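Colleague: For the sequence shown, position 147 matches number 146 in numbering that gives the first Met the number 0, and the numbering has no gaps at all.
Don't read these hints as lab results, they were simulated from the structure.
Note that the coordinates shown come from a computational prediction; the quantities given were computed from them, not determined experimentally.
Every residue gets a Cβ at the ideal spot worked out from N, C-alpha and C, and that includes glycine.
Any given hint could turn out to be false.
Below 25 Å or equal to it, Euclidean Cα-Cα: the simulated BS3-like pairs (lysine-lysine) are [what the hints assert, rightly or not]:
| hint | residue 1 | residue 2 |
| --- | --- | --- |
| 1 | Lys82 | Lys66 |
| 2 | Lys113 | Lys66 |
| 3 | Lys82 | Lys113 |
| 4 | Lys82 | Lys95 |
| 5 | Lys82 | Lys64 |
| 6 | Lys113 | Lys64 |
Pair by pair, the computed Cβ-Cβ distance ranges are [said to hold, decoys possible]:
| hint | residue 1 | residue 2 | range |
| --- | --- | --- | --- |
| 7 | Trp28 | Arg70 | 18 to 26 Å |
| 8 | Leu181 | Ala72 | 22 to 30 Å |
| 9 | Lys82 | His108 | 15 to 23 Å |
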Amino acid sequence: MNAIQLFWQGDGVTKAVALLLLAMSVGSWVVILWKGWLLHRASGDVERCVAAFWQSASVDEALQKLKAFDREALVIPMVIATKIEANGTLAAAGDKSQQLTRVLRDALHMALAKLQYGQVLLATVGSTAPFVGLLGTVWGIYHALIGIANAGQVTIDKISGPVGEALIMTAAGLAVAIPAVLAYNVLGRSIGRIEAELEGFARDLRELAASQPVWQA
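Take these sequences, add in the hints, and give me the full structure.
Modeller: Structure below.
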């Protein structure tokens with residue numbers, strides 16, 4: 000009996016567990032493929048943006064160059080945020096260095112939120128899928144033993160078949176969880192590298208903006 004036959008012959012709980020594992024698998028693979036493509040593109044974009052910014056003669060020229068490179072809008076918001084115009088409000092309280100720290104921190108947090116999007120799903124699938132599969136296995140073994148008990152005669156052949164079929168759910172749970180865990184770790188390292196690059200740029204940008212008497216962004 001294969002997994003498809005087990006699904007169609009199972010009860011409502013078995014089918015619900017199988018469908019949940021299928022949904023978790025599809026969702027995690029969509030995130031894996033999408034984030035892999037996005038982070039690969041974002042990594043190259045950030046490097047090109049940082050190089051283009053420091054090679055520009057002015058901030059206006061840099062912004063024009065960044066528009067062609069910053070496809071995920073990770074760097075441009077930080078440059079624009081350094082133009083502080085919140086006069087007469089609490090946002091303008093404190094010296095220029097403090098204001099720059101605040102606006103750049105907020106812009107950096109928004110950029111990191113884009114990069115982190117989907118990581119929670121991968122972590123959730125990786126940590127819960129084995130237990131979902133185990134639930135299906137326990138439920139399947141329970142029903143298999145009830146069926147064997149009702150049959151009246153208990154033999155190894157009658158036990159090994161249904162129990163082995165129920166264990167498919169545990170294998171399915173692991174098959175869903177392992178790619179999600181691996182992808183979470185690999186993508187997390189990529190996010191960490193991009194985050195370090197953005198933090199370094201934000202720190203240098205803050206020093207540059209704070210040292211200019213008049214900063215036009």
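Colleague: Taking the hints in turn, state whether each one holds.
Modeller: Status of the hints after comparison with the structure:
no. : hint                        : verdict
1   : Lys82 to Lys66              : holds (17 Å)
2   : Lys113 to Lys66             : holds (18 Å)
3   : Lys82 to Lys113             : holds (22 Å)
4   : Lys82 to Lys95              : holds (11 Å)
5   : Lys82 to Lys64              : holds (18 Å)
6   : Lys113 to Lys64             : holds (22 Å)
7   : Trp28 to Arg70: 18 to 26 Å  : holds (23 Å)
8   : Leu181 to Ala72: 22 to 30 Å : holds (29 Å)
9   : Lys82 to His108: 15 to 23 Å : holds (18 Å)
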